[in-house]
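Trainee: Chain by chain, the residues:
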Amino acid sequence: MSGEDLRVSYGEGSGDGRLRVVIVGGGTSGWMCAAALARLLPTRCAVHLVESEAIGIVGVGEATLPHIRAFNERLGIREADFMSWTRGTFKLGIEFRDWGRIGDSYIHPFGTFGRGQGEIDFHHYWMRMREAGHAVPPLERFSLACTMARENRFALPGTDPRRLSATFGYAYQFDAVLFAPYLRRLAEGLGAQRSEGRVVGVDRDGQSGDIRAVVLDDGRRIEGDLFVDCSGFRSLLLGEALGEPFQDWSRWLPADRAAAMPCRTATALTPYTSAIAMPAGWRWRIPLQHRTGNGYVYSSAFVSDDEAAGALARSVEGEAMAEPRLLRFRAGRRERSWVNNCIAIGLASGFLEPLESTSIYLVQQAITALLELFPERRVAPSDRDEFNRIIDLEYDRIRDFLILHYHATERDDSAFWNYVRTMTIPDSLAEKMELWRRRGRIVKYREGVFLDASWVAVYCGQRVLPHGHDPRADLPAADSLLRGMAALEAEVADTAAAMPDHLAYIARHCAQAAAA
Amino acid sequence: MAAIDRPLGLDGPVREVVVAGSGITAWSAAAALRRRLPWLSVTILPDEPAPDALADLIGSTLPSAIGFHDDLGLSEGDAVVRTGSGLRLGTVFAGWTAQADYVHAYGEHGRPVGAASFHQHWVRAAQAGRATPFDRHSPAAALARAGRFMRPDAQPGALLAGYEFGLHIDPDAYRAMLRAFALHIGVGERRGRIVDVRRRPDGFVAGLALDDGGEVGGDLFVDATGAAARLRGALDERWDDWSRWLPCDRVLLAAGPAPSTPAPLDRVTAHDAGWRWRVDAPRGSSSGVAYASASMDEAAARGLLPADAGEPLLVTVSPGTRPQPWLRNCVAIGDAATRLEPLEWCNLHLAHSAIDRIVAMLPGRDCAPVELAEYNRQCAAEAARVRDFVALHYIASDRPGPFWQAVAAVDPPPTLALTLTQFRERGRLPVHEEETFARDSWLAVLLGQGVLPRRVDPLIATVPLERFERAMADLRAAIDAAVAPVPAYPAFLQSLAQQVAR
Chain V
144 MSGEDLRVSY
154 GEGSGDGRLR
164 VVIVGGGTSG
174 WMCAAALARL
184 LPTRCAVHLV
194 ESEAIGIVGV
204 GEATLPHIRA
214 FNERLGIREA
224 DFMSWTRGTF
234 KLGIEFRDWG
244 RIGDSYIHPF
254 GTFGRGQGEI
264 DFHHYWMRMR
274 EAGHAVPPLE
284 RFSLACTMAR
294 ENRFALPGTD
304 PRRLSATFGY
314 AYQFDAVLFA
324 PYLRRLAEGL
334 GAQRSEGRVV
344 GVDRDGQSGD
354 IRAVVLDDGR
364 RIEGDLFVDC
374 SGFRSLLLGE
384 ALGEPFQDWS
394 RWLPADRAAA
404 MPCRTATALT
414 PYTSAIAMPA
424 GWRWRIPLQH
434 RTGNGYVYSS
444 AFVSDDEAAG
454 ALARSVEGEA
464 MAEPRLLRFR
474 AGRRERSWVN
484 NCIAIGLASG
494 FLEPLESTSI
504 YLVQQAITAL
514 LELFPERRVA
524 PSDRDEFNRI
534 IDLEYDRIRD
544 FLILHYHATE
554 RDDSAFWNYV
564 RTMTIPDSLA
574 EKMELWRRRG
584 RIVKYREGVF
594 LDASWVAVYC
604 GQRVLPHGHD
614 PRADLPAADS
624 LLRGMAALEA
634 EVADTAAAMP
644 DHLAYIARHC
654 AQAAAA
Chain L
3 MAAIDRPLGL
13 DGPVREVVVA
23 GSGITAWSAA
33 AALRRRLPWL
43 SVTILPDEPA
53 PDALADLIGS
63 TLPSAIGFHD
73 DLGLSEGDAV
83 VRTGSGLRLG
93 TVFAGWTAQA
103 DYVHAYGEHG
113 RPVGAASFHQ
123 HWVRAAQAGR
133 ATPFDRHSPA
143 AALARAGRFM
153 RPDAQPGALL
163 AGYEFGLHID
173 PDAYRAMLRA
183 FALHIGVGER
193 RGRIVDVRRR
203 PDGFVAGLAL
213 DDGGEVGGDL
223 FVDATGAAAR
233 LRGALDERWD
243 DWSRWLPCDR
253 VLLAAGPAPS
263 TPAPLDRVTA
273 HDAGWRWRVD
283 APRGSSSGVA
293 YASASMDEAA
303 ARGLLPADAG
313 EPLLVTVSPG
323 TRPQPWLRNC
333 VAIGDAATRL
343 EPLEWCNLHL
353 AHSAIDRIVA
363 MLPGRDCAPV
373 ELAEYNRQCA
383 AEAARVRDFV
393 ALHYIASDRP
403 GPFWQAVAAV
413 DPPPTLALTL
423 TQFRERGRLP
433 VHEEETFARD
443 SWLAVLLGQG
453 VLPRRVDPLI
463 ATVPLERFER
473 AMADLRAAID
483 AAVAPVPAYP
493 AFLQSLAQQV
503 AR
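Taken in sequence, the protein lines are chains V and L.
Heads up: the first sequence begins at 144 in our numbering, then just goes up one per residue.
Heads up: the second sequence begins at 3 in our numbering, then just goes up one per residue.
Just chain V, same shape as in the assembly (with noise of 0.2 angstroms):
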């Protein structure tokens, strides 16, 4: 070990002890780190964010995944004021539509299949049934979450382990170009300081290459000791100023170009988010209380923005709010999120398309591992490198399971679906591929956001079976077995019957919310 890197060193700070935090780009993931640190180390930084009004958000990260709860939570956010505030509604999962083959539909479940079985999963009882030509109902029909998904209902999940009613999580949908603001009141209200203004220079220090301040359009330079890249795409002070080279992942996926459009919600209020696979990439359907999220995700190499847009606005469900926006990315992470005293947080730090809800989480994790490894004066390198692991370990891992998603298709019918079926994937997802098709066994790890349930559910969904299945799944008689699976799926039925609509959830729980 090196021992510490005395290199860096800060000016002033504050002048209260608290370091200058200067946060650029107040989109989701600069408000959602303003809150955080203006809520949770008060007496350790002074959050001062830049932000342009000029600059339109992304905001199109408008599902997420069950961890936004925890976050929330932190914060001191309530649930009901929340989901009135940014429109929200439940989600349970991801429908993914015409994946497989053209008809297919399965759901990416935030829960498990069957209930625990001891260190057997229950999908090797599943295959094994089915391969001895029994007529078993779909995986889906053994998850809670699965099941309350297609049936349209909610309610909390149960706290007792043991029980049906505790296998499964939930996240949110909401509105992001409502949710910034509402972090904004949070943030200010604890402190944090805001500027309009566009960021048009950067300065350094000569030596270290340390960023000292920002300049801003009209002359102002705000100064800091730590800058938190939130800029967007254009990755401002981390890809611009820094020149950190953009690790590309675009050969294995492909798209780069999305088109968003609201529409009025015409169909049930859906608990779930659906991923709908199209001739050149995929179109994302989230449904909000006051409208339809919409976006075709697309690879330019093989459709025309204006066939994409077209080919959005007749798929529409409902009367269109807007007319299609386009959206330009590409796929890959910056090498290292955390340079000098510059750290880059959301789509400054890298893309993957939001094919399985993972923009807010990963700005998250990132956000979480900050306030872990918050510097002192100076930061320790030990502290960057531990940044950096961890959301390198994030990104990588991402990759892989929305890779499964292209590669893992029998669909022949365009260009795009020919190049993803037979791309060269990474080595670490064609291990975890033939693992899986061998004896139908996931490759665990304890960390890592999506685990075996996950996996199972993309596999069998995309109709990659397991040629065999665990052994010990032999053990139980096939009548005993048969049994004890028609039983589960009948208490799953019921459990799910048994449990209110969504609509008629939201509205009672706002209405609390309101009445609070």
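A hint or two may mislead.
Chain V is faced by these chain L residues, among others (derived, beta-carbon under 8 angstroms) [as the list claims (entries may be wrong)]:
1. Leu364
2. Ala370
3. Ala375
4. Glu376
5. Asp459
6. Pro460
Which bits of chain V does chain L cover? Going by a derived footprint, with three or more residues having C-beta under 8 angstroms, they are [to be verified]:
7. 510-518
8. 568-579
Worth flagging that the hints you see were computed from the coordinates, not collected in a lab.
These figures come from a predicted structure and were not determined experimentally.
Heads up, the beta-carbon is just placed ideally off N, CA and C, and yes, glycines get one too.
For this one, chain V is given, so just place chain L on it according to the hints.
Mentor: Showing chain L alone in chain V's frame:
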């Protein structure tokens, strides 16, 4: 079981397993495979005992041994009481640093305060010079020091809950029990000495030739023959050497008379060139000396054994591991896979863990490389972290003298370096895959040996130090009050024996 006969589509299922070895490890493997994968035909070749297999010789186990029994369906009465075994709550480490001795027990130390873990607050108090020893906040450590024992309270949130305990076994009696159990559930025993490992043209093991002229064939061969690795060693010699981090290459083991008072706490004391131990198990005490032969001769090491110790057995240890314990149709377990000194009693644990993994990941007869790679990845990660934990005791020592100075000066392996850097900087313990020891165990050793983080979690600044000090004092008082009425350990053993006899 008709379902087994269905073609797998790739290769046939494993049906016949041959286990080579005669110690606890071999009998554990044979019993577990037969019991948990009951369609297997399991044959054991006991051959002659391996004189140097620490997994078969060490009498203290980690808590995982009990889970291993549960999975076999072995009752506590059969596995523990009738074998004269004892229960152990932890180990007291003396002389590893200039600090007071410390207890490593298997359970929680304090409870989280607000958003931050207990140890962060404790470190802040320690930095201010106002902390009482970390192990004073562990109920299990308090029980162990007081020589008392009770099972962890089943009530969640109770004070005397949240800990585990391991076993003191009498290796001979324990092996005899396992053997009887294995034979009872249908393991076949084939007598004879292995004289040759017969190979197929593709390199797989075809069978083992015996000195009586017979040959034993099978689909899968489990090598539990100790350091000699007589099967697996015939396939390749690849080996990762750990000797620069684990300096002891000799272990003396000696049995002693039954103690006047059995103790649930083992004693491990550092000496000039290694460490020695004393275990007061119910049926007999045992002791040992681990040392580096370059720094100490055998006579001096013998001199460190207690006066009541019998004639010791000398074992040579070359610490390290096979990067691929499983190659083709041959899997090495125990000392045939990984060798390390017995500090923290990990040898049998690694063997049990390998057996569990074979059960969970049993491949087909072709032993496909992709399946073995995942098995080997998990084994390697687990072994590396056990190595790290053992090495930590040396690296975090401040003892004077050439042996200790030399080992403290070695660069730690990368995974341990990450742990040490993150802990020394700010008390963090990054998650590693396949970790054997829980966070509280790492904390017990790190803080017990005086490794103090430079900074604490910034999130705890909102809790005033005085408030936490009061909470710590309250916790200690509550632990003392809870421990006082618990029966003495010998009394607990007695009542356990009576329950089983009934």
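Trainee: Would you check whether L/Leu364 satisfies its interface hint, that is, whether its CB is within less than 8 angstroms of any CB in chain V?
Mentor: Hint on L/Leu364: holds, closest Cβ of chain V at ~6 angstroms, below 8 angstroms.
Trainee: Given a cut of 8 angstroms on the nearest C-beta pair, is the interface hint for L/Ala370 held or broken against chain V?
Mentor: Because about 6 angstroms separates L/Ala370 from the closest Cβ in chain V, which is inside the 8 angstroms limit, the hint holds.
Trainee: If you look at each residue in the segment 510-518 of chain V, do at least three have a Cβ nearer than 8 angstroms to any Cβ of chain L?
Mentor: holds (count 4)
Trainee: Is the coverage entry for the segment 568-579 of chain V by chain L consistent with the three-residue Cβ rule at 8 angstroms?
Mentor: Check passed, 3 qualifying residues.
Trainee: Given L/Glu376 as an interface hint, is its Cβ closer than 8 angstroms to any Cβ of chain V?
Mentor: Holds, because the Cβ-Cβ distance from L/Glu376 to chain V comes to roughly 6 angstroms (cut-off 8 angstroms).
Trainee: Quick check on the hint: L/Pro460 CB to chain V CB, less than 8 angstroms?
Mentor: holds, 5 angstroms
Trainee: Restraint: L/Asp459 near chain V, CB-CB cut 8 angstroms. Satisfied or not?
Mentor: holds, 7 angstroms
Trainee: Does the interface hint hold: is L/Ala375 within less than 8 angstroms of chain V, judged Cβ to Cβ?
Mentor: Holds. Min distance 7 angstroms.
Hint compliance for this structure: every hint is met.
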